[in-house]
Structures are given as structure tokens and as C-alpha cells.
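Q: These protein sequences, in sequence, are chains V and Y.
For the first sequence, position 245 (counting from the first letter as 1) is numbered 245 according to the UniProt record's numbering, and the numbering increases by one without interruption.
For the second sequence, position 280 (counting from the first letter as 1) is numbered 280 according to the UniProt record's numbering, and the numbering increases by one without interruption.
Everything labelled a hint here was simulated from the structure, so no lab data went into it.
Heads up, a few of these hints could be off.
Unchecked claim - Footprint (simulated), chain Y over chain V, 3 or more residues, beta carbon under 8 angstroms: (1) 56-70; (2) 222-236; (3) 240-250.
Stated by the list, open to error - Simulated crosslink set (SDA-like; lysine to any residue; CA at most 20 angstroms straight-line): (4) Y:Lys454 - V:Glu177; (5) Y:Lys439 - V:Thr195; (6) Y:Lys418 - V:Glu233; (7) Y:Lys454 - V:Gln148; (8) Y:Lys418 - V:His53; (9) Y:Lys451 - V:Ala246; (10) Y:Lys454 - Y:Leu423; (11) V:Lys240 - Y:Lys418; (12) Y:Lys451 - V:Gln155; (13) V:Lys240 - Y:Glu442; (14) Y:Lys451 - V:Arg252; (15) Y:Lys419 - V:Glu233; (16) V:Lys248 - Y:Gly450; (17) V:Lys240 - Y:Tyr452; (18) V:Lys240 - V:Ala109; (19) Y:Lys126 - Y:Gln387; (20) V:Lys248 - Y:Lys419; (21) Y:Lys439 - V:Pro234; (22) V:Lys248 - Y:Asp244; (23) Y:Lys333 - Y:Asp244; (24) Y:Lys451 - V:Asn241; (25) V:Lys240 - Y:Lys451.
To be verified - A short, non-exhaustive set of chain Y residues, derived as facing chain V with CB atoms under 7 angstroms: (26) Ser147; (27) Lys420; (28) Gly422; (29) Asn437; (30) Leu438; (31) Gln441; (32) Thr445.
Backbone N, C-alpha and C define an ideal beta-carbon position, used for all residues, glycine too.
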Amino acid sequence: MGNIAIAEIQFADYIYPAFDQIVNEAAKFRYRSGNQFNCGGLTIRTPYGAVGHGGHYHSQSPEAFFCHVPGIKVVIPRGPSQAKGLLLASIWDPNPVVFFEPKWLYRQAVENVPEDDYILPLSQAEVICTGTDLTVVGWGAQMAILHQACSEGRQAGISCELIDLQTLIPWDKETIEASVKKTGRLLVSHEAPITGGFGAEIAASIAERCFLHLEAPVSRVCGLDTPFPLVFEPYYMPTKNKVLEAIKASVRF
Amino acid sequence: MGWRLPLRTALWTLRGKQPKATADMVRELSHRREVYSAVPCHLHIFPILKRLQSSEPERACSQNMDEEMNDFMGRKVSYSSQMCFIPEESTNSVPCYRLLSTHGDLLDPSSINELDKELCIEMYRKMVTLQVMDTIFYDAQRQGRISFYVTTIGEEAINIGSAAALNATDVVFSQYREPGVLMWRGFTLQQFANQCYGNEYDLGKGRQMPVHYGSNELNYLTVSSPIATQVPQAVGAAYGLKMDKKDACAVTYFGDGGTSEGDFHAGMNFAAVLGAPVLFICRNNGWAISTPTSEQFRSDGVAIKGQAYGVRSIRVDGNDALAVYFAVKNARKMAVEEFRPILIEALTYRVGHHSTSDDSSKYRSVDEIEYWRTRRDPVARLRMFLQSNRWWDDENEDLLRQDLRTQMMSVLHNAESKKKPGLSNLFEDVYDVIPQNLKEQEQETQAIVGKYPKDYPSDVPLD
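Take these sequences, add in the hints, and give me the full structure.
A: Here you go:
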């Protein structure tokens, strides 16, 4: 109809009433109509992730539910510059996009962001630091944790290649694959609970494609399989030290 | 408790007066949206009235097929060659029931005889307690002592007035701005504080944010943040109570914003169809975070929505504790005795911010907030009523408030000094029995905590 709808869901924890529309309608609009109709580039932005005191309903990372739906794209920026470029790309993308914004960064992140419009390509992962011993993959607010863990790993003599996936579906298998073929090890980390999290898809895919290159099992450092707790949040989270331990274990394997 | 119902009982008491409905009268009344129970001989002409009179479904059999009536929906619909659109709004809005003037004067002075002095005083004391508790917890959050808080300022009459009208066995499904109902039933200030601090005495075991209270013992379901999800749950519970022939109803509270949720629609419709004994109490406080009711719906508020579902409803002055009390009392009786849902729209104003994460001066005028806080305070209104009857005085007031502040300080200090629940509470109750993956994760967590203790809070025991 010519207009682009950009919807905001105040907290991703409250997106579920829209799940029917996103999965059964938006994701299938083009396909079911034989490409006669499409969503007109619908973008849904929603804050997600831990904030320190959010408990069950202000901290969720529901990206995995949406990654299971052919027809939509799932995009997650790690900071202000990426947020601008990826959001503009999502809006201009003719497919429906669910754009998860890490709320933790709203009051934390300060960066020089170009004033002009620019887009960052979707379905393209970004290699943030190059390395030779281990590939570390994540997205969103977790990137800062992974960055710290990789720095400390370097001090311990481990050279990590850190990659921000940015688009979860359709995801950039080629970049991850190329990296793992170089390093021989993979660690994936996300805040969402480990079971059925998107890390599982990456692990299975890379195990399939890079089996003979792997020198250790694919490692996942994720949230626990519990509702997101309030008082116990520090124990639930995939902290820098949990990641560091997993990096060392992978290299020692 | 031996309460007598005031004369100003809902027009629905079938044992009361039943005027004969003439054609003119019915046209006049349905226009004004008031309905009387009609005498059976007029039923085939005025189908609306017949439906409201009894809970018995109509037998949809038309004897004479040549009569050309449409009777598929359990009621008879007649045809008309006069094209008539139901107007989007009525000339007059749904009237708002109140017993006290804004200054606490009984609008019908003779009804004083129907009031129980002790109950009125107790209601007032609890309203003051709620107000003081809220003020102190709000300040505690501002000082960083608790992480979050939601006040009920301005809505004390709805909380306490409705709670006082319910039975202890009525099951409550609240939103998050109804701690007064829990308070009325006996939840102590210490218990509220324990939940807000998430300490080892919190019944919720430190898992949720502050104000997410619950008490199985007091029949008050644990609060969850999502809006209106409690509504269909209350309907289901009410249906269960009906199946089990219990002398109890379910009660659900929600705000004006909650009525825009799909769950509200589903809940109302199910309740009506199933004949569930449930009270839908809407706190229409004018604001859904920053959305004013003028942007929430275009209907005449919420009470009007009841009829669309076949649910009897009433609009009440939510800042008049006595009106709320009597409306809920009557509603409960109808719900339980007639197996029907009732919708109550209580008009009020959200004096506080949406929560401690909100600054409402960003989207509404400070003057508006101040006006409602100082000139339309439900607590002050009941106080004026009590004092004008010499059931309360300034000395009682000062003593009560001073005592409450002292209690609250001690309660906060107490809650603050307690440990948090042990770490095992992170892994338990995900299911009734802990599964293998969580046992493993518990061990891994214990190991990492042992290795990096500085990453973790010192007040969480590791058992």
C-alpha cells in the first residue's frame, strides 16, 4: 500500500500477543499469496535482555522463538553505530524484520555515530577481532562481555577471533565457517536459556559443515534453563568468567 | 458480618419492584441504557429484556415457520424495513454510582442507618495504612534500598472498598496495583517488605521484582507483569468454582489499558457464555502509563462494553469507598447466586507515576496530578465522612499515622537485614520436580561461584 509500518513493542517480554500475527501472517504473507502481496517492509523494534533488576518480565531474550520462522528476519545490534545502520537496513528491507535492541545499552553506550543515513548489510556477520585459536560468536549486549573475555584470554596467551552475528536469520554461515576452519574451535554465547537457544542452531550447523576441522566440541555459554530470576540474576547470566573458563577448556581439550 | 443492603440497591434485585414494561417505557429505557426486568407477556416483542431476566437459555424453536423470525442465536430477532444504525454513543454516558459527595457527605443522609461504624473505621484505617506503606516504599526505592516499586496512591478506595465486600474464599486475580486487597485479607507490612526485598522470607523466593506479591493462604494469586493475562485465568477459576458448587466467586482487577488487550475480550466472552461467577473490576484511572483514556478507547469508558458481551455492568465512583463497597457486595451476590459475570468500572485517578521507572510529569500536567492528589483524595474523603459523624478525630489520625510510620521503619530495617533465599531456589520450582539438566546446571553454577566468589552477591547463601 506504499507505507512502511514500524512497530514498537515496549519490552520483548510482551511480544507474545503479537506472535500469531508475526508467525502466521507477516512471515507467510508473501509466500502464501504467490508474491502478489507482501508486508511492505514491516519492522518491529523491541528492547530485550537483562537490565540488572528486570526479573521475569523485563529481561527476556526471546530471539530463538522467532529464529524458527521462515519468512522473517531477526536482527540484533551490539551498539549505537550498529543500531542505526542495522535499523535503517531493516526498515528498507522488503521483508518483515524483528529488531531486538539491547535495553542494557540504552543508558550505557556512548559513541560517535555518523549523522547521515547509512545502512549496514543484513545477513552479514562482522569480525570484530581476528584470532587464530578459537572463534567466539555472539550478538547484542553479550558482545561487550565476550570482548572482555577475549581480552583476558589474550593475556593468557589465547588468540580469539570475535564475531558479531548481527542477523540471526538468515544467518551468515559463510563467515563463521571460514573462521572455524581457521581456528578449529567455536564458542557461542547468549543470554537466552541454553536449551533450544539460537546457539544450538549455530553449533549443529558448524558441526555439520566443519566436523573435520574441529579440535574441540562446540561450546555454549548461555543463560540457565530457568525463568529470568531477580535476586539470582548474577548466577543466571553468562558472565565474563564463565566465558573465560569455557575458552580455556576449549583450548585445553 | 450482618450487613443490610442499602435501598439504593442495583435495579437488578429480582425480588424487588418489577414495573410492568409498556412499549413506550421500554423504548425510553433502552435509550437511556437502563433496563428493568420485563413481564413475560412482552418478551416476544422486547427480546433484550427477556435475555436479561433469567439465566435460562431460550428455546430457539419457532412454532410457525411462516412467521419469518431469525432465531439462530438463542433469541428472536425481528426484521424491520427502517434502516437504523446503532449510534456510536449514547446521549448520556453511563451514570456513575456514588454514596458520598467529594467532601464526604452522605448523599442520602438516612442511609447512615445501614452503615456499620466499625467496618467503616476499619476500612479507613486500612486505606491510611496502604497510603503510608506506599509513600515509604516509594521513598525506599528512590534511596536505592529496593529496586522497584509501584504505588496505589489515589486508588485506595477501590482496593479496600472492594476487598471488604468479598469473602476470604473468593479467589483474587490482580494486575499489580491492588496490594490493598492482600492487605485487607491479612498480608502484613513485614510480608510486603520481605517480597520487595526478595529476602529469605519472601513467599516468592526472591525470583520476581517488587510488588509481585501472592499468597495462597489468602487466595490471592501471585502477580505477573503482563497486562490482562489474569483475566481469562479468573474466568477459568470461576468456572471451576461453579462446577464444584462452591460458595465463592473469582475476582479479577485490571486497568483501563488492560481492556484493550485480547485477553480482556476473551475473558468477558467466555465468562458470559459459561455463566461464570466472576467479578471484572476495572480501575479506570485515566492513564495507561502515558496513554490517556482519550487515546485508549472511543467508547463511553468500560462499563458500556459489558452489554456487548451480555455481561451486566455498573460504573461506580472509584474514589468513594462506600460506593465501591456496596457495588462489589451486590455484584458478588449476583455472581454467586445467579452464576453470571459482573463488570464493575470504578472511575478514579492514578495519582502516582506508573512506577518508579516513570516520570509522569513528562506527559501530564503537574497541576492535574496535584488537583487529584489534594482535592479528590479518596482517603481524605472517607475521613471527612467519618469525622463529620464523630467516628474519627484528628487525634486518632495522628496516632495512626505515627504508629504506621514507626512500624514501616522497623519493617524495612528488618527486611533489609535478612539474607536472600538460598541459591537452590534458582533451580527449584521450574517444574514440580527438578529435571536432570537443571541438576547439572546447579552443579556447574556452584563450581563457578566457588572459583569466582567476587562475581556474586554476598547475601545469597549457597545452599
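Q: Each hint should be assessed against the structure and marked as holding or not.
A: Structure-based check of each hint:
Evaluation of the coverage hint for the segment 56-70 of chain V: fulfilled, as 3 residues show C-beta separations to chain Y shorter than 8 angstroms, against a requirement of three. Figure legend: the segment 222-236 of chain V, annotated as covered by chain Y; annotation consistent (11 residues with Cβ-Cβ distances under 8 angstroms, at least 3 required). Remark: the segment 240-250 of chain V is confirmed as covered by chain Y, as 3 of its residues place a Cβ nearer than 8 angstroms to a Cβ of that chain, reaching the required three. At roughly 36 angstroms between alpha-carbon atoms, Lys454 (chain Y) and Glu177 (chain V) are farther apart than 20 angstroms, so this suggested pair is violated.
The straight-line distance between the Cα atoms of Lys439 (chain Y) and Thr195 (chain V) is roughly 14 angstroms, inside the 20 angstroms bound, and the hint therefore holds. Taking the CA atoms of Lys418 (chain Y) and Glu233 (chain V), the gap is near 18 angstroms; set against the 20 angstroms cutoff, the hint holds. Only pairs whose Cα atoms come within 20 angstroms are accepted, and Lys454 (chain Y) paired with Gln148 (chain V) is accepted, the gap being roughly 17 angstroms. For a cut-off of 20 angstroms, the pair hint linking Lys418 (chain Y) to His53 (chain V) stands: about 19 angstroms separates their Cα positions.
Taking the CA atoms of Lys451 (chain Y) and Ala246 (chain V), the gap is about 13 angstroms. The hint holds against a cut of 20 angstroms. The straight-line distance between the Cα atoms of Lys454 (chain Y) and Leu423 (chain Y) is roughly 15 angstroms, inside the 20 angstroms bound, and the hint therefore holds. Distance restraint check for Lys240 (chain V) and Lys418 (chain Y): the Cα-Cα separation of roughly 29 angstroms exceeds the 20 angstroms cut-off, and the hinted pair is therefore not satisfied. For the hint linking Lys451 (chain Y) to Gln155 (chain V), the alpha-carbon distance of about 19 angstroms falls within 20 angstroms, and the restraint holds.
Proposed proximity of Lys240 (chain V) and Glu442 (chain Y) is supported: the alpha carbons are some 18 angstroms apart, at most 20 angstroms. Taking the CA atoms of Lys451 (chain Y) and Arg252 (chain V), the gap is near 18 angstroms; set against the 20 angstroms cutoff, the hint holds. At roughly 16 angstroms between alpha-carbon atoms, Lys419 (chain Y) and Glu233 (chain V) fall within 20 angstroms of each other, so this suggested pair holds. In summary, the hint linking Lys248 (chain V) to Gly450 (chain Y) is supported, as the alpha carbons are separated by about 17 angstroms, within the 20 angstroms threshold.
At most 20 angstroms may separate the alpha-carbon atoms for a hinted pair to count; Lys240 (chain V) and Tyr452 (chain Y) meet this at roughly 11 angstroms. As the CA atoms of Lys240 (chain V) and Ala109 (chain V) are separated by approximately 18 angstroms, the hinted pair is consistent with the 20 angstroms bound. Under the criterion of a C-alpha separation no larger than 20 angstroms, the hint pairing Lys126 (chain Y) with Gln387 (chain Y) is consistent with the structure, at around 16 angstroms. For a cut-off of 20 angstroms, the pair hint linking Lys248 (chain V) to Lys419 (chain Y) is broken: about 34 angstroms separates their Cα positions.
Restraint check for Lys439 (chain Y) and Pro234 (chain V): satisfied, since their Cα atoms lie roughly 18 angstroms apart, inside the 20 angstroms limit. For the given pair, Lys248 (chain V) sits about 60 angstroms from Asp244 (chain Y) by alpha-carbon distance, which is inconsistent with the 20 angstroms threshold. Restraint check for Lys333 (chain Y) and Asp244 (chain Y): satisfied, since their Cα atoms lie roughly 17 angstroms apart, inside the 20 angstroms limit. Between Lys451 (chain Y) and Asn241 (chain V) the alpha-carbon distance is near 9 angstroms, which keeps this suggested pair within the 20 angstroms criterion.
Distance restraint check for Lys240 (chain V) and Lys451 (chain Y): the Cα-Cα separation of roughly 13 angstroms lies within the 20 angstroms cut-off, and the hinted pair is therefore satisfied. Against a cut-off of 7 angstroms between C-beta atoms, the interface hint on Ser147 (chain Y) holds, since the closest Cβ of chain V lies about 4 angstroms away. Against a cut-off of 7 angstroms between C-beta atoms, the interface hint on Lys420 (chain Y) holds, since the closest Cβ of chain V lies about 5 angstroms away. This hint is violated: Gly422 (chain Y) has a C-beta 10 angstroms from the nearest C-beta of chain V, more than the 7 angstroms allowed.
Here the hint on Asn437 (chain Y) is kept, as its CB sits about 6 angstroms from the closest CB of chain V, short of 7 angstroms. Hint status for Leu438 (chain Y) relative to chain V: holds, with the closest Cβ pair at about 6 angstroms, below 7 angstroms. Look at Gln441 (chain Y): its Cβ gets to within about 5 angstroms of chain V, closer than 7 angstroms, so that hint holds up. A least Cβ separation of about 6 angstroms between Thr445 (chain Y) and chain V falls short of the 7 angstroms threshold, and the interface hint therefore holds.
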